[in-house]
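*Asks:* Listed below are the residues making up each chain.
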Amino acid sequence: MAEPWRYLPPRWRDAILNVDADILTRVEEIRFRTDVPVRLYTDCECVVLQHQGREMATDAQELRRILEVLVDHSLYARVDELRQGFITLPGGHRVGVAGRAVRQGGEVITQTDITGLNLRCARVIRGLAEPVVGALRNRGILGNSWLVVSPPRAGKTTLLRELARWFSESGLRVTVVDERLEIAGLWSGTQGFFLGPHTDVLSGWDKVQGIATAVRCLGPDLIVIDELGGIADEKALLSARYAGVDILASIHGPRAQDVHPGSRVQTLWDTGLFDAVVFLSREPRVGSIGAIWPCKVGEESG
Amino acid sequence: MRWMGGLFVIVAAIYVGRLMGRPYRRRWLLLTTWERCAGFLIPLIAWHRMPLSQALSRASRAYPPLSPILDRVVRELDARESDVVAAFRHGLGMEPALQHGDREVLEDMAVKLGTSSVEFQSDLLRTTESRLHQLAQESRVVDLKQARLLETLISLSGVALVILLL
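Heads up: the sequence lines are chains A and B, in that order.
Basically my numbering = 1-based index in the first sequence + 10.
Basically my numbering = 1-based index in the second sequence + 13.
It should be emphasised that the hints constitute simulated quantities derived from the structure, not laboratory data.
Don't take every hint at face value.
Unchecked claim - Which bits of chain B does chain A cover? Going by a derived footprint, with three or more residues having C-beta under 8 angstroms, they are:
hint, region
1, 50-64
2, 85-95
3, 121-132
Stated by the list, open to error - Here are some chain A residues the structure puts well away from chain B; computed CB gaps all over 12 angstroms:
hint, residue
4, Ala31
5, Asp45
6, Val57
7, Glu78
8, Ala87
9, Arg88
10, Thr125
11, Trp176
12, Ile241
13, Pro264
14, His270
Keep in mind that this is a model prediction, so the values were computed, not measured.
Positions of the beta carbon are idealized from the N, C-alpha and C atoms, including for glycine.
Work out the full structure: start from the sequences and follow the hints.
*Replies:* Structure follows, in structure tokens:
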């Protein structure tokens with residue numbers, strides 16, 4: 011799988027490839043911002059991108075050019091992504107796009123005046139699923155419907171990908187509803203990440219339609235979705251659960267001890283939709299388990 | 014021997030005539046092919062939302078007269094070095110039969126190609142298609158007439174030369 015910088019214009023690609031290999035293997039994000047030097051963020055440091063001893067910075071025009079190259083000069087094919095603030099590169103790498111929203115009829119239709127790009131490297135961390143499954147089973151949680159909660163950059167998508175593969179390799183029929191093309195990294199009909207022998211991927215589908223289609227047409231044992239949204243998503247999950255399908259979902263949220271009553275995570279936990287809520291932490295490493303909440307309904311009844 | 018020589022001169026005159034008329038025929042051929050190519054791109058972009066280099070690559074296979082130009086554009090886009098306009102300019106530079114006005118229409122298309130939503134892209138390609146249709150019609154009247162005239166004149170000159178020699 012190619013690193014995200016392979017898709018940049020040659021000038022930037024070459025400068026990044028000149029960075030120390032040790033840093034490059036640990037890079038999590040590369041941030042381009044208008045009139046500011048480009049920075050590479052690893053798990054523990056921030057490095058300014060340099061070429062021949064000089065810091066490299068971008069202006070608005072260069073940012074637009076980089077974006078054009080990243081979307082393969084085919085903005086028409088990526089407008090839906092852009093209006094949500096990102097584009098996905100082959101291999102599931104995500105590029106966050108910061109710009110001015112262009113609205114029509116109250117809805118954002120695209121972005122213009124781009125001021126920042128954030129290339130996030132998708133990574134495979136083998137062996138991430140087993141400790142999580144082990145920890146849940148040790149706590150007597152036998153169901154496979156789990157909600158993964160963490161702040162950004164703590165490894166939610168990576169864990170979901172690994173869990174999807176683990177369940178698939180265990181013999182379950184898994185359907186991944188990959189709205190943002192991050193989990194499977196599907197590109198031109200080819201999967202960027204191997205998600206197991208019993209996995210189907212609904213790529214680019216919104217969650218509500220994707221869940222309904224999966225239940226009706228693909229007969230899954232388990233549906234995997236990333237970044238749970240509003241009430242509509244919750245209703246779709248509920249209908250899948252009523253249909254006897256397990257759900258593996260993720261959502262942005264704080265640490266377990268910081269969850270407020272009435273917050274989204276708390277509400278979802280209260281519904282009893284999930285057999286467990288798994289909180290992830292960046293410490294001691296990305297994808298570590300912070301806490302596990304077993305199903306409230308099960309606890310009360312059992 | 015004399016008859017053989019005469020026949021050779023006539024064949025040579027016809028060949029030279031075709032050669033002289035070729036750029037005019039070529040322009041007409043290219044314009045009609047570009048017109049069809051613009052129409053071919055509409056469903057690929059508006060319906061399939063195919064990335065530009067893939068769509069152009071398919072067009073290159075579908076329209077062999079444009080293959081050298083389109084292949085070069087695709088190569089440059091895939092290398093991520095130049096933008097669409099520069100890539101088209103380089104590609105079109107390889108085709109001397111096209112006139113300034115023809116290049117202008119195609120470069121106007123390249124400026125906006127890939128930079129907006131599918132609705133605008135469809136409109137752009139349809140507009141380009143109709144502008145190319147107009148140019149092709151003009152070329153059909155002017156250039157093909159010119160080509161035929163040149164071919165006839167040179168062939169007749171050959172025949173006249175043979176008569177004189179005989």
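*Asks:* Give a verdict on every hint.
*Replies:* Do the hints match the structure? See the list:
no. : hint    : verdict
1   : 50-64   : holds (count 5)
2   : 85-95   : holds (count 4)
3   : 121-132 : holds (count 6)
4   : Ala31   : holds (23 angstroms)
5   : Asp45   : holds (22 angstroms)
6   : Val57   : holds (23 angstroms)
7   : Glu78   : violated (7 angstroms)
8   : Ala87   : violated (4 angstroms)
9   : Arg88   : violated (9 angstroms)
10  : Thr125  : holds (18 angstroms)
11  : Trp176  : holds (33 angstroms)
12  : Ile241  : holds (29 angstroms)
13  : Pro264  : holds (37 angstroms)
14  : His270  : holds (40 angstroms)
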